[in-house]
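Please work from the sequences and hints to get the whole structure.
There are 2 protein chains.
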Amino acid sequence: MNMDALRRFVAVVMFVGTASTIAVFSSRLSAEDADDALLKKAQKLFKPLPEQMPAPPNNPTTPEKVELGKMLYYDPRLSLSGFISCNSCHNLATFGVDNEETSIGHKWQLGPRNAPTVLNAGFHIAQFWDGRAKDLEEQAKAPILNPVEMAVPDSMFAVDRIKSIPQYVELFKKVFPGQEDPVNYDNIAKAIAAFERTLVTPSRFDKFLQGDKNALTAEEKEGLKLFISKGCVSCHNGVAVGGGMYSKIGIFKPYPTEDQGRFEITKKKSDKFVFKVPSLRNVAMTYPYFHDGKVWDLHEAVRIMGQTQLGINLKDDEINKIVAFLKSLTGEIPEYARTLPVLPPSTPETPKPVVK
Amino acid sequence: MNMDALRRFVAVVMFVGTASTIAVFSSRLSAEDADDALLKKAQKLFKPLPEQMPAPPNNPTTPEKVELGKMLYYDPRLSLSGFISCNSCHNLATFGVDNEETSIGHKWQLGPRNAPTVLNAGFHIAQFWDGRAKDLEEQAKAPILNPVEMAVPDSMFAVDRIKSIPQYVELFKKVFPGQEDPVNYDNIAKAIAAFERTLVTPSRFDKFLQGDKNALTAEEKEGLKLFISKGCVSCHNGVAVGGGMYSKIGIFKPYPTEDQGRFEITKKKSDKFVFKVPSLRNVAMTYPYFHDGKVWDLHEAVRIMGQTQLGINLKDDEINKIVAFLKSLTGEIPEYARTLPVLPPSTPETPKPVVK
Chain V
1 MNMDALRRFV AVVMFVGTAS TIAVFSSRLS AEDADDALLK KAQKLFKPLP EQMPAPPNNP
61 TTPEKVELGK MLYYDPRLSL SGFISCNSCH NLATFGVDNE ETSIGHKWQL GPRNAPTVLN
121 AGFHIAQFWD GRAKDLEEQA KAPILNPVEM AVPDSMFAVD RIKSIPQYVE LFKKVFPGQE
181 DPVNYDNIAK AIAAFERTLV TPSRFDKFLQ GDKNALTAEE KEGLKLFISK GCVSCHNGVA
241 VGGGMYSKIG IFKPYPTEDQ GRFEITKKKS DKFVFKVPSL RNVAMTYPYF HDGKVWDLHE
301 AVRIMGQTQL GINLKDDEIN KIVAFLKSLT GEIPEYARTL PVLPPSTPET PKPVVK
Chain W
1 MNMDALRRFV AVVMFVGTAS TIAVFSSRLS AEDADDALLK KAQKLFKPLP EQMPAPPNNP
61 TTPEKVELGK MLYYDPRLSL SGFISCNSCH NLATFGVDNE ETSIGHKWQL GPRNAPTVLN
121 AGFHIAQFWD GRAKDLEEQA KAPILNPVEM AVPDSMFAVD RIKSIPQYVE LFKKVFPGQE
181 DPVNYDNIAK AIAAFERTLV TPSRFDKFLQ GDKNALTAEE KEGLKLFISK GCVSCHNGVA
241 VGGGMYSKIG IFKPYPTEDQ GRFEITKKKS DKFVFKVPSL RNVAMTYPYF HDGKVWDLHE
301 AVRIMGQTQL GINLKDDEIN KIVAFLKSLT GEIPEYARTL PVLPPSTPET PKPVVK
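Heads up: the protein sequence lines correspond to chains V and W, in order.
In terms of the numbering used here, the first sequence has 314 at position 314, counting the first letter as 1, and numbering is strictly consecutive.
In terms of the numbering used here, the second sequence has 141 at position 141, counting the first letter as 1, and numbering is strictly consecutive.
Hints listed in this document are in silico derivations from the structure and should not be mistaken for laboratory results.
All copies of an identical chain are treated as equivalent in the list; a pair is satisfied when it fits inside any one copy or across any two copies.
Straight-line C-alpha distance at most 25 Å; calculated DSS-like pairs for lysine-lysine:
#: 1; residue 1: 356; residue 2: 294
#: 2; residue 1: 267; residue 2: 253
#: 3; residue 1: 352; residue 2: 107
#: 4; residue 1: 294; residue 2: 352
#: 5; residue 1: 163; residue 2: 294
#: 6; residue 1: 107; residue 2: 356
#: 7; residue 1: 268; residue 2: 134
#: 8; residue 1: 213; residue 2: 225
Below, the structure written as structure tokens:
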């Protein structure tokens, strides 16, 4: 190589180098612009989880009530058999679900619908797949009495169990001061609901919504873009990425189910096959999916939603990206909530477990 | 009152004061002597719990193994149904038992014997009521395969479930380094056993044995004296206050049971109705009592033991004192062990729960 050739070579290298630097710089700039735009859009559609879930005026959250509620949540004596607690089906070791198609209840009866996660549930418009309970307090009362779940014969049976345990009586007096008869079914439900209001699970998506554009990977951001542009967000939005409205399952294509959902409560024809839109927080961990728990794979669930709810066939590549985004919704379950209480012992007065 | 009368009055007051001081002092001295004697006697018969339970040479306890074992202990996927974990029947919210006569297993089948507590179990001479497993490792393997308990069809089913979960595979590699195929049934049992070796529950009785004579109340010390003098201690001794030997139930008076205990394992005539002597640590919390779980009240259990094992009718007052002592054996369950792990999710390869 002579000197001229060398100079030309160096010049070319320098030009290419400069050009590619400019290209990288400008593409980075435009990527940042795109991230900014995505963040702004997302901030309009979603909300980061607050540190504390708001409580209704008639059931303010106090540390003592939360602790009492935690004890009740984990206490199998709220079931007839003494074997099933709230945590049996809403297991906080497995993101507030049992990962069963439908739950196993008293005498191994199988429930009619998939158990939804208790995590962030207080952010929902109402409770249960069909929204038949208006809040966590009302929800907590139902499975205890449901003959295929915890199966106590009536609310007084549950109250009698708790009342027979002096440590519980003391705690109810402290948590509900000034009440003449604080151990009652309403207060049991209130305490459990107060505990459940601590089940807030912030994830990387919340960091993103709070302005940290690097909290999500490039693939997750692609997924979020698709989640928005394809229309998933029209139902799954807000602080819980769902849980805020009702929708028919099978708008564009029927979903194979006999379950008429909200219609069974309201008897309104327009409520046939209508269910509460589930929250997608922690969705990667709360398989199997839908009210019937028939779909185990999240990719498959996203594909079905595209077809039944949006009338579109999502491509595999799109599904993968959306699933990547959904995984960023897996949050942290507070350690306090996961720490089993030391339950006080029964007494000779405590109604015995009935298992047969 | 004249001066003489006043002097006499003062003298009398001083005499009475001095005398009663001497009386109190000497009775305190003799009470202290008695406490010393009781402590020395107790120190020969019992041992305080060590901070760490010793581990066998082929399964040393490591923090990573304990954490893996805790995950497996709480993981319901080790049961066919995906609903029952070790903790279902050995619930660490209720002192390592289920407080059931006998346990509820797969498809609501009822087991043949009462579930013993997992707390301090590694101090026992052997595992199960009939001692058929030599250690915690061997014990851990049995309920998973027992068709009336967790009911997996064979050990490979359990291994396949765990192997299908990448986070578990990574942990097994770290916990059992250098092994070609570390996810195997032996290692599952080893990890669970390592976790169970952390379930040591020191109580006020240990403080007493360590020399703090005020760690027990006067009534509890009376109970301890009776526990020793009446002969309870002849079987219930050592570090676990029991668990160290076998004995026939019904030596002086038959105990009503069809269960032939250890005879069913050894087929030796001398083993008819022979069971492992249970540990009395946490006994106030681990009702109902005996291998059949037929007795719910601790007073009644003590009365029966007097009759069947010692041939004596304990008086109500003696029973009350012995029960007071037994309550001092209720210990602290380590918070770490009570904190539910966050279990890794299943994958499409994970064998699904079988509930029907």
